Amino acid sequence: MRYALFLGCTIPARQMNYEQSARAVAKALSIDLVDLDFGCCGFPIEPVDEVKALSMAAVNLKKGEEEGLDIVTLCSACGEMLAKAEEVLGKDESMAKSVNGVLSKQLGAEYGGERPRVVHFARMLYEDLGPEKIKGLVKRPLQGLRVATHPGCHYVRPSTLSGGFDDPEFPHSLDELVEATGAKAVDYIGKEDCCGGGILAVREDVAKAMTRKKLETLSGKVDAMVLICPFCGIMYDRYQKLMAAEMEKGFGVPVLYYPQLLGLALGIDPEELGFDINSVSVDGVLEKVGV
Amino acid sequence: MDAVVDISKSDTRFLRTLDRELGASDLSKCFQCGVCVASCPVREIEETFNPRRIMKLAKLGLKDIVLRSDFIWLCSMCFMCHERCPQNVRPPDVMTVLRNIAAKEGIAPPNLMKLVDVLAENGRVYPLDDFTEDERDDRGLPKVETQPDFVMKIAGAGK
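Just so you know, the protein sequences line up as chains V and S, in that order. So that you can map any letter, position 116 of the first sequence is 100 in my numbering, and since no number is skipped, the others follow by simple counting. Add 227 to the 1-based position in the second sequence for my numbering, that's all there is to it.
The hints are simulated quantities; they were obtained by calculation from the structure and are not laboratory data. Among the hints, erroneous ones may be present.
Here are the computed distance ranges between Cβ atoms for each label pair [what the hints assert, rightly or not]: (1) V:E153 x S:K370: 37 to 47 Å; (2) S:D291 x V:G92: 36 to 46 Å; (3) S:G250 x V:E94: 32 to 42 Å; (4) S:M340 x V:E255: 33 to 43 Å; (5) V:E255 x S:K370: 18 to 28 Å; (6) S:D365 x V:D267: 17 to 27 Å; (7) V:H156 x S:G333: 11 to 21 Å; (8) S:T239 x V:E71: 23 to 33 Å; (9) S:V232 x V:G92: 19 to 29 Å; (10) V:A185 x S:T359: 35 to 45 Å; (11) S:D246 x V:D19: 26 to 36 Å; (12) S:T239 x V:D260: 53 to 63 Å; (13) S:G250 x V:D16: 29 to 39 Å.
Straight-line Cα separation of at most 20 Å, EDC-like style, residue types lysine to aspartate or glutamate; simulated pairs [to be verified]: (14) S:K370 x V:E51; (15) V:K46 x S:E372; (16) V:K197 x V:D177; (17) V:K11 x S:D364; (18) V:K225 x V:D189; (19) V:K89 x V:E77; (20) V:K168 x V:D267; (21) V:K192 x S:E271.
The model shown is predicted, which means the values in this text are computed figures rather than measured ones. Glycine included, C-beta positions come from ideal geometry on N, C-alpha and C.
Go ahead and model the full structure; you've got the sequences and the hints to work with.
This is how it looks when you write it as structure tokens:
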């Protein structure tokens, strides 16, 4: 199994624990992750300049196609943006013309309809490896650990782009991946809710209230929350800590990236999984799984 | 937003632009059922946020009210309404089109506009400075392109 790893902007600078654990897990599972000279997917500027955003996505798609590799993203928004570019540039002639106008003027090259397969890291584990196979590779079953998954929005929605590999309203693939580690994935109200990260730059108060809602639901009910997107990570982990500082008692919900959880189950040294970067203490989780 | 609007302010050029830019969205088919509002996680927190109203105002061609509304920037792009809309309106796509038109008219939130300049200058939203590079090195993470040239060139187009 060989893929081009798409890191995006946030992860390599601000969420290195996600990258570190994903690379460690891939290595343990004999999955080759190749680093290409990718750049911004375009998503951050889509609200103000969709043509430039799609132009950036198009260049990234070309780079994946040239290497003949599927693109695996860690960030759900990057994955959605690249998939959107494939869809829009294939169907919307006038948008494709605008994008090629930018590309030929700025880079002297055009988008030629390259459509490499773009999948999220979790989807790659789910579809290409599968929970059963992962189960068979577990060395340290995380028995007794109660986990709430937060699939996040762009991992499964819009389903017109994700191709219906999972239910857009009641996604279950991440729960199955969690259960493959031996941990219990619990169900809860509001599981499909948005973290609020998308409007942090516009209305911080609303974004924080959206984050708080889920943390209030989960506080004291689970050992950890597991997610797969750096924006969700920043909201539930970093902002949980910031909000806790203004509260009498914090929420106390440890937030792990799925590869961090899987890494523990595969017997990888916790030092290699970047737990020192997590804002909310994960000591309780590590103690419970006995490392 | 006022409860009563003056539909004589309908802007046909704006309607034509919308029609051209909307792509796969069927805004014209919106029959105001409100499933977007009922599905909206932002609405649960901020009661004045009303995607159904934005769809209606856009459909009526009330350009100034729509574009000058803070609300077009409040959609968090969770796509739940996209999944549930019975008329394929794709409200998040409509929001993106409206935001882009507003940005062209210079009425987008300055911190969002600034991101284009940040990418033109650094090629990344978060710079990979020496401190970050050292930390990546300590963690055994590989070197990655510090300032992707194509990103800087695309972001800087037309400047």
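To see whether the hints hold, each was checked on the structure:
A hinted range of 37 to 47 Å holds for the C-beta pair E153 (chain V) and K370 (chain S), which are about 41 Å apart. Here the CB-CB span from D291 (chain S) to G92 (chain V) is close to 40 Å, well matched to the stated 36 to 46 Å. Our hint of 32 to 42 Å for G250 (chain S) and E94 (chain V) is violated, since their Cβ atoms are close to 20 Å apart. At roughly 42 Å, the beta-carbon separation of M340 (chain S) and E255 (chain V) lies within the given 33 to 43 Å, and the hint holds.
For the hinted restraint 18 to 28 Å between E255 (chain V) and K370 (chain S), the CB-CB distance of approximately 22 Å keeps it satisfied. Hint check: D365 (chain S) to D267 (chain V), Cβ distance near 22 Å, so the stated range 17 to 27 Å holds. Separation of H156 (chain V) from G333 (chain S) is about 45 Å and departs from the stated range, judged on CB atoms against 11 to 21 Å. As the Cβ distance of T239 (chain S) to E71 (chain V) is approximately 30 Å, the hint placing it in 23 to 33 Å holds.
About 48 Å separates the C-beta atoms of V232 (chain S) and G92 (chain V), a value inconsistent with the hinted range of 19 to 29 Å. The supplied range of 35 to 45 Å is broken by A185 (chain V) and T359 (chain S), whose beta-carbon atoms lie about 21 Å from each other. Checking the proposed 26 to 36 Å range against D246 (chain S) and D19 (chain V) shows it is violated: the Cβ atoms sit about 43 Å from each other. At roughly 59 Å, the beta carbons of T239 (chain S) and D260 (chain V) sit within the given window of 53 to 63 Å.
Our hint of 29 to 39 Å for G250 (chain S) and D16 (chain V) holds, since their Cβ atoms are close to 36 Å apart. As the CA atoms of K370 (chain S) and E51 (chain V) are separated by approximately 19 Å, the hinted pair is consistent with the 20 Å bound. Proposed proximity of K46 (chain V) and E372 (chain S) is supported: the alpha carbons are some 17 Å apart, at most 20 Å. Our distance criterion of 20 Å between C-alpha atoms is met by K197 (chain V) and D177 (chain V), whose separation comes to about 9 Å.
Taken as a hint, the K11 (chain V) and D364 (chain S) pair is honoured in the structure, with Cα atoms around 18 Å apart against an allowance of 20 Å. For the hint pairing K225 (chain V) with D189 (chain V), the CA-to-CA distance comes to about 15 Å; that is within 20 Å, so the pair holds. Distance check on the hinted pair: K89 (chain V) and E77 (chain V) sit about 18 Å apart at the alpha-carbon level, within 20 Å; holds. Restraint check for K168 (chain V) and D267 (chain V): the C-alpha separation of about 19 Å stays at or below 20 Å, so the hint holds.
Proximity of K192 (chain V) to E271 (chain S) is assessed by CA-CA distance (about 13 Å); at most 20 Å being required, the pair is judged to hold.
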